[in-house]
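Chains as they are written, first to last, in the working numbering: chain A, 6 to 236; chain B, 116 to 229; chain C, 3 to 259.
By construction, these hints were calculated from the structure, which means they are not laboratory data. Treat each hint with caution, since some may be false.
Cross-link-like lysine-lysine pairs, in silico, DSBU-like; alpha carbons within 30 Å at most [to be verified]: (1) K60/A / K8/C; (2) K183/A / K180/B; (3) K255/C / K183/A; (4) K97/A / K183/A; (5) K255/C / K60/A; (6) K22/A / K181/C; (7) K181/C / K101/A; (8) K71/C / K183/A; (9) K146/B / K177/A; (10) K169/B / K146/B; (11) K181/C / K85/C; (12) K34/A / K169/B; (13) K146/B / K133/B; (14) K18/A / K76/A; (15) K85/C / K5/C; (16) K255/C / K71/C; (17) K206/A / K71/C; (18) K71/C / K132/A; (19) K7/A / K22/A; (20) K101/A / K255/C; (21) K180/B / K7/A; (22) K16/C / K85/C; (23) K183/A / K7/A; (24) K131/B / K203/B; (25) K181/C / K18/A; (26) K193/B / K7/A; (27) K132/A / K34/A; (28) K236/A / K22/A; (29) K236/A / K209/A; (30) K183/A / K120/A; (31) K7/A / K177/A; (32) K193/B / K146/B; (33) K34/A / K18/A; (34) K177/A / K120/A; (35) K76/A / K232/A; (36) K95/A / K181/C; (37) K60/A / K70/C; (38) K120/A / K16/C; (39) K71/C / K120/A; (40) K16/C / K132/A.
Below, each chain spelled out in residue letters.
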Amino acid sequence: MKELLDITNLTKKYYNKVALDDVTISFEKGKIYGLMGPNGSGKTTLMKVIIGLHKQTSGNVLINDNPLSYKTKCFVSYMPTENFLYESFKVKDIVKYYSDMYPDFRSDYAMEILKEINVDIEFRVSKLSSGLIGKLKVALALSRDTLIYLLDEPLNGVDVLARDAIMDLIVKSYNENKVFIISSHLVSETEKILDSVVFLKDGKVELCGDAEELRQQHGMSIENLYKEVYK
Amino acid sequence: MEFNNNMPIYLQVIHKLKQDIVTGKLRPGEKMLSSREYSHELGLNFNTVARVYKEMEMENIVFTKRGLGTFITESTEKIEIIRYEMAKELLENFVNGMEHIGFTRKDMVEFINK
Amino acid sequence: MFKIIKYDFIRKYKLILIILIAAVFLNLLAIVKFSVQGGVMFLGLFPIAMILLYIVDIIKMYSDDLNKKSGYMLFMTSYSGYKIIVSKLITAILEAIAILLLYLIFILINSIYFSTTQGFDLNVNEIISAVNTILSGRLGFNLGHVFVFLLTVLVFATGFILTAYTSITIRKSIFSETKFGGVLSFIIFIALNWASSFSSSKLMSILPPYYDISGDLGQISATQLIIALLPIIILSVVESILMTLGSGYLLEKRINL
């Protein structure tokens, strides 16, 4: 089965809005997907349903051929865009927590990355700048050795140099058995590492396809295509 | 290496590699980085680089030896052909551009010799 | 499951330390200023203060995990909803036991201090005979009664904790979009408590023959006591089981963080 993530007719409704509207899409292993769209288009909701933080209104999600449940969470490494880490913990305590809670977490790898991207493990989370927290979150998510990686705005709040470092990390993490889904506003910076892109608009899939093919077809960058689609 | 996101990236990588081969930066028969290593170096998607290698192999510019890696062609004739094709493209662009601003072929030759 | 409990306590570690230091400080202050009366005052106020702090803490602990973003730390892990609610319950019970033990230690230390400094002989024989008096029922109750008492407290405390947790769970799953979540949780809490007292009074009305206790009420044996309390204890246990299953299900399948 090439599809690691199979989403069928996924709908998420709230009282006053529809966050996901009958979304059907598959994500193949060995690819890096860019999930794009303006705020409120459903990117975060989609990710949160996959990781089980939100309950869908209707529709099916298959993760590695398994129906969505608490058990499939182990196949998914989610990096939320929010600050969710325990503020009172030091970085090394957070690493220990991940190591305890996730059997597939690679502590040594995490420590290596953190050192490379200049995150001091003795610092408390509450004392970290938003840039460092951003780097920490990405490092944690990528240190898990699992199948599906959902990174929600991994470059947010991160300075230009660190962005390159994070993109490098993602490129280095590539594996033909894994799938990466990255949502980002910074289309121009992320597009060169993407295999495929998915554009969400008002909870629906507006466009999806191979990045290079789209460049050829439309004669423009994904960023410019994005501007066209959402203008 | 900087990439222009407005055109397929794999084509730009192929172009760069051809340049390196033609200028001698990459020698005939030289072993190339693995697709994985090269994708890390360029900061590009692995599949993009894999496609680059595949396309160049189809054009016989590189060849793969199982278990050993990917190598630049050893054929100096092939390299000359690449050089010729690249020159042709550059020239076509030059001629088109110059015609666009009103130069005739004769004008162009004179201009170059000046 | 043990890991969830472990990290809950780790997260409270600073709070525990502060409370401990404050308690010791206040105890010393009370003794220094008011001698034995101060000590007694402290020992009298300690449980009241601790019960309030305890209730605030255990509710906050659960509420934070469901309402704050830090809850993602727990809910991204692949624990089943049932494991989560049971772990939270065990943490709350362990915390209560720890506070109880702390209280006993304070009593012990204060007693030793006063008996030695006030010139009372720490007469081991006297202590033993005092305990014996209690045990032989001359004061009207024995160890059996104490056991029944503790059991009842445990059962009803568990019920209380679970009712609070279930209210929060219901609000964060079924009513996740409603505003004023805190108020709603409280309303659900009241509703659950009402349902519980309704069912126990129903139960009591069905069982009048059972409660025909003849004899002097002042001389109820421990066995008689437990027989009398058994129906409502069982009811509370059943309710706790239902709430555990309900919360577990909601946490696993219906949660919207």
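Against the structure, the hints:
With a C-alpha separation of about 28 Å, the suggested pair K60/A and K8/C falls inside the 30 Å cut-off, and the hint holds. The hinted pair formed by K183/A and K180/B meets the criterion: a straight-line CA distance of about 27 Å does not exceed 30 Å. The suggested pairing of K255/C with K183/A holds, with an alpha-carbon distance near 26 Å, which does not exceed 30 Å. The suggested pairing of K97/A with K183/A holds, with an alpha-carbon distance near 27 Å, which does not exceed 30 Å.
Between the alpha carbons of K255/C and K60/A the distance comes to roughly 7 Å, so the proposed pair stays at or under 30 Å and holds. For the hint linking K22/A to K181/C, the alpha-carbon distance of about 15 Å falls within 30 Å, and the restraint holds. A threshold of 30 Å between alpha carbons decides the hint, and for K181/C with K101/A the separation of about 36 Å lies outside it, so the pair is violated. A distance of roughly 27 Å separates the Cα atoms of K71/C and K183/A; the hinted pair therefore holds under the 30 Å criterion.
Simply put, K146/B and K177/A have alpha-carbon atoms about 21 Å apart, close enough for the 30 Å limit, and the pair holds. For a cut-off of 30 Å, the pair hint linking K169/B to K146/B stands: about 15 Å separates their Cα positions. For the given pair, K181/C sits about 28 Å from K85/C by alpha-carbon distance, which is consistent with the 30 Å threshold. Simply put, K34/A and K169/B have alpha-carbon atoms about 20 Å apart, close enough for the 30 Å limit, and the pair holds.
In summary, the hint linking K146/B to K133/B is supported, as the alpha carbons are separated by about 15 Å, within the 30 Å threshold. Under the criterion of a C-alpha separation no larger than 30 Å, the hint pairing K18/A with K76/A is consistent with the structure, at around 24 Å. Distance hint between K85/C and K5/C is fulfilled; the C-alpha atoms sit about 11 Å from each other, no more than 30 Å. A distance of roughly 19 Å separates the Cα atoms of K255/C and K71/C; the hinted pair therefore holds under the 30 Å criterion.
Distance restraint check for K206/A and K71/C: the Cα-Cα separation of roughly 26 Å lies within the 30 Å cut-off, and the hinted pair is therefore satisfied. Using a Cα cut-off of 30 Å, the hinted pair K71/C and K132/A holds, with the two alpha carbons roughly 17 Å apart. Under the criterion of a C-alpha separation no larger than 30 Å, the hint pairing K7/A with K22/A is inconsistent with the structure, at around 33 Å. About 28 Å separates the Cα atoms of K101/A and K255/C, which keeps this hinted pair within 30 Å; it holds.
For the given pair, K180/B sits about 28 Å from K7/A by alpha-carbon distance, which is consistent with the 30 Å threshold. Between K16/C and K85/C, the direct Cα distance comes to roughly 26 Å. Compliance with the 30 Å bound is thereby established for this hinted pair. Taking the CA atoms of K183/A and K7/A, the gap is about 10 Å. The hint holds against a cut of 30 Å. With a CA separation close to 16 Å, the supplied pair K131/B and K203/B stays within the 30 Å bound.
Restraint check: the Cα-Cα separation between K181/C and K18/A comes to about 16 Å, which is no more than 30 Å; the hinted pair holds. Between the alpha carbons of K193/B and K7/A the distance comes to roughly 38 Å, so the proposed pair goes past 30 Å and is violated. Between K132/A and K34/A, the direct Cα distance comes to roughly 37 Å. Violation of the 30 Å bound is thereby established for this hinted pair. A threshold of 30 Å between alpha carbons decides the hint, and for K236/A with K22/A the separation of about 21 Å falls inside it, so the pair holds.
The suggested pairing of K236/A with K209/A holds, with an alpha-carbon distance near 16 Å, which does not exceed 30 Å. With a CA separation close to 25 Å, the supplied pair K183/A and K120/A stays within the 30 Å bound. Proximity of K7/A to K177/A is assessed by CA-CA distance (about 21 Å); at most 30 Å being required, the pair is judged to hold. Between the alpha carbons of K193/B and K146/B the distance comes to roughly 17 Å, so the proposed pair stays at or under 30 Å and holds.
Between K34/A and K18/A the alpha-carbon distance is near 29 Å, which keeps this suggested pair within the 30 Å criterion. For the hint pairing K177/A with K120/A, the CA-to-CA distance comes to about 16 Å; that is within 30 Å, so the pair holds. As the CA atoms of K76/A and K232/A are separated by approximately 39 Å, the hinted pair breaks the 30 Å bound. Of the supplied pair hints, the one linking K95/A and K181/C is violated, its CA atoms being roughly 34 Å apart against a limit of 30 Å.
This hinted pair checks out: K60/A and K70/C have alpha carbons roughly 17 Å apart, not beyond 30 Å. Between the alpha carbons of K120/A and K16/C the distance comes to roughly 28 Å, so the proposed pair stays at or under 30 Å and holds. Restraint check for K71/C and K120/A: satisfied, since their Cα atoms lie roughly 26 Å apart, inside the 30 Å limit. Between K16/C and K132/A the alpha-carbon distance is near 17 Å, which keeps this suggested pair within the 30 Å criterion.
Of the numbered hints given earlier, the model fails hints 7, 19, 26, 27, 35 and 36; all others are met.
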